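> These protein sequence lines are chains A and B, in that order. Here the numbering used here is used: the first residue of the first sequence is 1, the next is one more, and so on. Here the numbering used here is used: the first residue of the second sequence is 112, the next is one more, and so on.
If you're looking for bench data, these hints aren't it; they were derived computationally from the structure. Be aware that one or more of the hints could be misleading.
[What the hints assert, rightly or not] Only some residues are given here: those of chain A computed to face chain B with a beta carbon under 8 Å: (1) P8; (2) F10; (3) Y33; (4) M41; (5) G58; (6) P61; (7) G63; (8) Y64; (9) G99; (10) Y100; (11) F102; (12) S104; (13) G105; (14) L108; (15) V111.
Fair warning: this is a prediction, and the values are worked out from it, not measured in the lab. Ideal Cβ placement from N, Cα and C applies to all residues, glycine included.
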Amino acid sequence: NAGVTQTPKFRVLKTGQSMTLLCAQDMNHEYMYWYRQDPGMGLRLIHYSVGEGTTAKGEVPDGYNVSRLKKQNFLLGLESAAPSQTSVYFCASSQTPYGYTFGSGTRLTVV
Amino acid sequence: GQQLNQSPQSMFIQEGEDVSMNCTSSSIFNTWLWYKQDPGEGPVLLIALYKAGELTSNGRLTAQFGITRKDSFLNISASIPSDVGIYFCAGQQVQGAQKLVFGQGTRLTINP
């Protein structure tokens, strides 16, 4: 019973490099979300998806892109990483708008 | 974007004490939820509230959906060491959005 799986768990990038974070859920949930967590800021929504093939911007979308080509996967891309994107990234999925299941996070450091 | 104001930001208590924290907003919310995050993990849902005035318990935890729909409270009775972590409130706004807004979190530390 995997739930929501995020890969990788840790990553260090140099400024300007690109990378993709993968979120996979095995619960057949419609909704998927990407949040970032920074000290004192709580969880801020980057992008979200309300179904396969759909994406929408959240509160802090700049510098990120997402894709949901398959229902079970939600990818978060950083085209040109910046130190301000150093954060812990959480993916979540839900069948309703409320019952989020979170992954265990990806800790990203941009140097 | 819409923010939830959660307080206190941190708490240092003795084991066995009761804990209270709250979340407020200038906007009305349809749903209030409380999550707990253990170190190195993602948040886990503790309690969900769907109606103004609703009072719901989950073991030693009790949460209330404020009458004005602009606030919510979480109480933990007789705290134990495993209660340590960060507690987040979250709410779904009235308009649109199959998405939640989160508070800044309350970090709970317990001295045995």
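> For every hint, state whether the structure bears it out.
Structure-based check of each hint:
1. P8: The hint is violated - A/P8 has no Cβ within 8 Å of chain B, the shortest such distance being about 14 Å.
2. F10: violated (11 Å)
3. Y33: Holds, about 6 Å.
4. M41: holds (6 Å)
5. G58: Hint on A/G58: holds, closest Cβ of chain B at ~7 Å, below 8 Å.
6. P61: Not OK, violated: A/P61 not within 8 Å of chain B, min 11 Å.
7. G63: violated (16 Å)
8. Y64: Not OK, violated: A/Y64 not within 8 Å of chain B, min 15 Å.
9. G99: holds (7 Å)
10. Y100: Since the shortest Cβ distance to chain B is 7 Å, the answer is holds.
11. F102: Since the shortest Cβ distance to chain B is 3 Å, the answer is holds.
12. S104: holds (5 Å)
13. G105: Hint on A/G105: holds, closest Cβ of chain B at ~6 Å, below 8 Å.
14. L108: Violated - the Cβ of A/L108 stays beyond 8 Å from chain B, reaching only about 15 Å at its closest.
15. V111: With a closest approach of 22 Å, the A/V111 hint is violated.
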